[in-house]
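Make the full structure from the sequences, and use the hints.
Those sequence lines, one after another, are chains A and B. For the first sequence, the working numbering begins at 1 and goes up steadily by one. For the second sequence, the working numbering begins at 1 and goes up steadily by one.
Treat identical chains as interchangeable: a pair holds within one or across any two.
Distance condition first, Cα-Cα at most 25 Å in a straight line; then the derived BS3-like pairs of lysine-lysine: (1) LYS246 with LYS330; (2) LYS299 with LYS336; (3) LYS229 with LYS164; (4) LYS330 with LYS9; (5) LYS267 with LYS113; (6) LYS266 with LYS229.
In case anyone wonders, no lab produced these hints; they're calculated from the structure. Predicted model, so just to flag it, every value in this text is computed and none were measured.
There are 2 protein chains.
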Amino acid sequence: MDLDERKKKILLAIIKTYLDTGEPVGSRTISKIEDLNLSSATIRNEMADLVDMGYIIQPHTSAGRIPSDKGYRFYVDQLMAEKEQQVEERERETDEMRGMLIEKADKMERLLKQVARSLSANTNYAAMISAPRYNMNRLKFIQLSRMEAERIVAVIVLEGNMIKNQIIDIDEPIDDETLLKLNMLLNTTLNGMAIEDISLAVIAKMKQQAGEQAGIIAEVIDAVAESIKADEDLEIYTSGANNIFKYPELADNERASGIITAFEEKKQLTDLVYETLSHSDEKGIQVYIGEEAPVENMKDCSVVTATYELDEGIHGTIGIIGPKRMDYDKVLSTIKKLTSELDDMFKKS
Amino acid sequence: MDLDERKKKILLAIIKTYLDTGEPVGSRTISKIEDLNLSSATIRNEMADLVDMGYIIQPHTSAGRIPSDKGYRFYVDQLMAEKEQQVEERERETDEMRGMLIEKADKMERLLKQVARSLSANTNYAAMISAPRYNMNRLKFIQLSRMEAERIVAVIVLEGNMIKNQIIDIDEPIDDETLLKLNMLLNTTLNGMAIEDISLAVIAKMKQQAGEQAGIIAEVIDAVAESIKADEDLEIYTSGANNIFKYPELADNERASGIITAFEEKKQLTDLVYETLSHSDEKGIQVYIGEEAPVENMKDCSVVTATYELDEGIHGTIGIIGPKRMDYDKVLSTIKKLTSELDDMFKKS
DNA sequence: GTTAGCACTCTAACGAGGCGAGTGCTAACA
DNA sequence: TGTTAGCACTCGCCTCGTTAGAGTGCTAAC
Chain A
1 MDLDERKKKI LLAIIKTYLD TGEPVGSRTI SKIEDLNLSS ATIRNEMADL
51 VDMGYIIQPH TSAGRIPSDK GYRFYVDQLM AEKEQQVEER ERETDEMRGM
101 LIEKADKMER LLKQVARSLS ANTNYAAMIS APRYNMNRLK FIQLSRMEAE
151 RIVAVIVLEG NMIKNQIIDI DEPIDDETLL KLNMLLNTTL NGMAIEDISL
201 AVIAKMKQQA GEQAGIIAEV IDAVAESIKA DEDLEIYTSG ANNIFKYPEL
251 ADNERASGII TAFEEKKQLT DLVYETLSHS DEKGIQVYIG EEAPVENMKD
301 CSVVTATYEL DEGIHGTIGI IGPKRMDYDK VLSTIKKLTS ELDDMFKKS
Chain B
1 MDLDERKKKI LLAIIKTYLD TGEPVGSRTI SKIEDLNLSS ATIRNEMADL
51 VDMGYIIQPH TSAGRIPSDK GYRFYVDQLM AEKEQQVEER ERETDEMRGM
101 LIEKADKMER LLKQVARSLS ANTNYAAMIS APRYNMNRLK FIQLSRMEAE
151 RIVAVIVLEG NMIKNQIIDI DEPIDDETLL KLNMLLNTTL NGMAIEDISL
201 AVIAKMKQQA GEQAGIIAEV IDAVAESIKA DEDLEIYTSG ANNIFKYPEL
251 ADNERASGII TAFEEKKQLT DLVYETLSHS DEKGIQVYIG EEAPVENMKD
301 CSVVTATYEL DEGIHGTIGI IGPKRMDYDK VLSTIKKLTS ELDDMFKKS
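Laid out in structure tokens, this is it:
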């Protein structure tokens, strides 16, 4: 059997109606609304076919139909294709969404939180955003300073001006000269290096070059190396998790508990971010419907993610989690708008 | 009417039974369990009195009784008094709770997260912990380093080894000598100063002392001053928010949504922390029952908080949020154990 | 002051019945 | 051959009445 033009129209009508009402939609409803004038009986026949083909489901014999994951997938693909076309006109529209314009925030953290909040408030779904991830991270600058006699603070600046600190306790006092030498050694050796390339061999070589006072220097080098290597886990900010309670199909204890846990533990969101980033070259926006989601606790949700670019090779992810019957149209626009706004903002600054 | 000895016993029996079962407790149950052998009829009479006095409530005419907020308050006060006595023996007990011993964590953040997780896992309630707050924060050390020609990174170390970074873009290149001078100026003037005391006057004086190159130096000083002043908002880590779904009286949409929001937004938790810190001199452990909680969304919960001390004047708060019928006994022990463990850990290091 | 006994109250659980939405199928129609 | 009208049927949901059980409040006796 084949998805002819009429079946497509009917399918889309069913899905749209369901998105509106949240209730199973019957044949009569469609027969009335639709521009192709058909009786409910005809619609019923077509619906039966659509059920056979797996696009829709009837919860029980005498209820209307609701979209299956496959149905949603069809709808979303359709929608994305349309968006692709419209993108140029849209871009030039004066947008009413300016309300969500992000005020200038001095700190990245605050900005990200604000974005998440804006996103959840605008869509009524749960939102998340990951701090930008440095793909090929290079070392830009290292500075050791003596804090107290036997305590050094190391400041490590990475490409993208991300800063790490490390306090190093040493066994014996270190004199200014040694400290200076150490600073030079570290900077000449490591600056511009990708973190992945800082191997044991490199570290060993540095220790060797240290010559005298090898003991204390080795101590410091090890501490610095460790600090560089330690990749902190991805910062993720969330907002509007409580929105899930607005959708009865997600608000039962078990599901809600799962989603809340995912939002609190962040572990699963981290997976989601990596998944998205690994696909980011393809398209920009990803839609996961139900089982498609790479996250266990979101099998009953739809997840929409997108990648934003802060700078060459520095990416982050924003995402929306909601019920399968989410307003995909609005979500796609919002998320598209927001990513481009983010991109602009970073490029400007 | 007066709360005589027998009434107290009965009241405590009711509350304990209710904590166990979570269901309204009837007169027969008490008459059987209790050591003071009384018939259910007598118990009923006493219960009627207790209702009049406001310690217990009957949900409807023919159900058992459940404790009121006032009843819980009585119970908790009783319990805290007992604890006070036992504290010495307890302290010496070999504790079975060693399972929750915190593994050595290199980073404060990780430690705090771990504590929160341990707390929620051990109690089956929702847990939170605030990062330590520096009451009278003093400046320990400042270091400016040149990153690029017109870009400086300032590292500011506060008492308690809390570190702040700030990247400063300047208008014209700065030479080594000026940088050195600036470093000395900042350190001699500011080291050991409480942040509250860094007034405009102090800053003005520094600018004046700068002499030549006043322009560039003023720029840097302002940036540093601003960075010092900017008090980041309290970091709060949470864990086990999903535990609330284990308690039907909290798991309905409205309540759950409220609690989840409080946990996600952190704003209300921040209030809670400040409230606790402001009382921290009194006792150590605070119990808020129902309406007593300083947080709107937790009117149906009980909240137990305690203060831990990282160092003189540096405090943080840990807290547990659960249903009113929480196992106060266990929670109090757990939280007491944990704070003292935290105190020890910090004092050691 | 305590207890036994009894009528009363209230909730939760169950099942029957009716309603309404919607289906699937058949037969007729263009 | 595709479309439609008509009709019997299914099924979830709501309401209502009934029942069982737990627990009370009160009275009268000890």
